[in-house]
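Could you put together the complete structure from these sequences and hints?
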Amino acid sequence: MKKPFHPALVRIAFFVVGVGPVSSRAWYEPGHRIINQLAIDSLPAGFPSWAREPAVQERIVFLSQEPDRWRRTRELLLQHDNAPDHVIDLDQIAWAGIDASALTPFRYEFVAEFLKGRAAHADRFPAIDPARDPDHSLGLPGFLPWAIAEYYAKLQTQFSYLKTYERYGNPDEIADARANVIYVMGVMGHFVGDGSQPLHTTVHNRGWVGPNPNNYATSDIHAIIDGGFIAKAGITVGELAPMVVPARPLDLAPRPDGRDPAFVDVVDYLLATRKTVEPVYQLLKGHKLVDGSPGSREGRAFIEGRLLAAGEMLGSLWLTAWQQAAPDAYLQGTLIQRRAAGD
3 MKKPFHPALV
13 RIAFFVVGVG
23 PVSSRAWYEP
33 GHRIINQLAI
43 DSLPAGFPSW
53 AREPAVQERI
63 VFLSQEPDRW
73 RRTRELLLQH
83 DNAPDHVIDL
93 DQIAWAGIDA
103 SALTPFRYEF
113 VAEFLKGRAA
123 HADRFPAIDP
133 ARDPDHSLGL
143 PGFLPWAIAE
153 YYAKLQTQFS
163 YLKTYERYGN
173 PDEIADARAN
183 VIYVMGVMGH
193 FVGDGSQPLH
203 TTVHNRGWVG
213 PNPNNYATSD
223 IHAIIDGGFI
233 AKAGITVGEL
243 APMVVPARPL
253 DLAPRPDGRD
263 PAFVDVVDYL
273 LATRKTVEPV
283 YQLLKGHKLV
293 DGSPGSREGR
303 AFIEGRLLAA
313 GEMLGSLWLT
323 AWQQAAPDAY
333 LQGTLIQRRA
343 AGD
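FYI, in the working numbering the residues of the sequence shown are 3 to 345.
Worth flagging that the hints you see were computed from the coordinates, not collected in a lab. There may be inaccurate statements among the hints.
[What the hints assert, rightly or not] Label pairs and their computed distance ranges (CB to CB):
hint	residue 1	residue 2	range
1	245	80	21 to 29 Å
2	345	258	20 to 28 Å
3	243	220	32 to 40 Å
4	289	141	18 to 26 Å
5	281	132	32 to 40 Å
[Claimed, not checked] Within a straight-line C-alpha distance of at most 16 Å, the following computed EDC-like cross-link-like pairs (lysine to aspartate or glutamate) qualify:
hint	residue 1	residue 2
6	165	178
7	156	300
8	234	31
9	287	300
10	156	262
11	165	330
12	118	101
13	165	152
14	234	280
15	290	300
16	290	280
17	290	306
18	234	306
19	234	293
20	287	330
From the three backbone atoms N, C-alpha and C, an ideal C-beta is built for every residue, glycine too.
As structure tokens, this is what we get:
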């Protein structure tokens, strides 16, 4: 029987690696481009046809890497704001005494709750070396579910005023509103893609830390999963296209606990990803994430499944945001008045 995992035992490992869970990337550019394209391919015929124009698709796919481009800057204020949005360390959340399945949908309410829990259970957390934390983000577990849900809310708002401009606006206004929708669709795809990468949901994000009875890899394994295997195996959109699951509207029925249902769907998506952490370490141990090895087919299927899961979730979020967007009442009134005045 496995010994219970005690978070205090990861302190030394954290110190040796010198990084916390908010410093890693997911999928690199090829994987993120694949995910955004799969999401486009998942959309039903009723979704706005302009989103399938070749130039628009390329723009949405190009923007899939934008948040990682922000990470290449040395501007600490941007790093402090951006880096935590790429991950959610569900282990740290548990150490703080918080039930991940009942997370509040309000980002700053969570921050207060987490910091309170971290202070109450300080013995469970590794000490933070200020020299290794210039952007002051290592004490945070990450905000990935909030980043995704907030982008979803922005997209719904943008679809609302786009629908209004399409009825009452002029061609320039419609084009500008569509450009805003395209931008948010593309950028939010990056965070949904991050959410399908197992290492972005755990303290074991750069190698196994703490008790390790199964002798899992303790070195930084991100590059193997994010980019190395995808490139070596030659995984493409074309081969995954037949396996794309059509986007589905999210169930937004009011919940008994009052939490935002779209946020809950996002959390459930991330909790499902968390369950794949140990399987990915098992694949690494069995040399099944090295293209050309006898077991690489199993590793390939795993990575393809992660990319497809992200594409399905992203397409469903896009579809739901569009379907749920009601015309902007304030803008509608303004445009009707403008039309009546002959402007």
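Given the hint that residue 287 pairs with residue 330, does the C-alpha gap stay at or below 16 Å? 53 Å, violated
Can you confirm whether the C-alpha distance between residue 234 and residue 280 stays at or below 16 Å? 23 Å, violated
Within 16 Å, alpha carbon to alpha carbon, are residue 118 and residue 101? 14 Å, holds
Could you check the hint for me, namely that residue 345 and residue 258 are 20 to 28 Å apart, CB to CB? 49 Å, violated
Holds or violated: residue 290 with residue 306, Cα cutoff 16 Å? 13 Å, holds
Pair hint residue 156 and residue 300, alpha-carbon separation not exceeding 16 Å: 38 Å, violated
With a cut-off of 16 Å on the C-alpha distance, tell me whether residue 165 and residue 152 pass. Roughly 20 Å separates the two Cα atoms, so the pair is violated.
Whether the CB-CB distance between residue 289 and residue 141 falls inside 18 to 26 Å: Between residue 289 and residue 141, where Cβ atoms are some 36 Å apart, the hint is violated.
16 Å Cα cutoff - pair residue 234, residue 306: 13 Å, holds
Keeping to a limit of 16 Å between CA atoms, is the pair of residue 156 and residue 262 held or broken? Between residue 156 and residue 262 the Cα gap is close to 15 Å, so the pair holds against 16 Å.
Does the Cβ distance between residue 243 and residue 220 fall inside 32 to 40 Å? With Cβ atoms ~37 Å apart, the hint holds.
Is the Cα-Cα distance between residue 165 and residue 330 16 Å or less? With a Cα-Cα distance of about 8 Å, the restraint between residue 165 and residue 330 holds, given a limit of 16 Å.
Comparing the model with each numbered hint stated earlier shows that hints 1, 2, 4, 7, 13, 14 and 20 do not hold.
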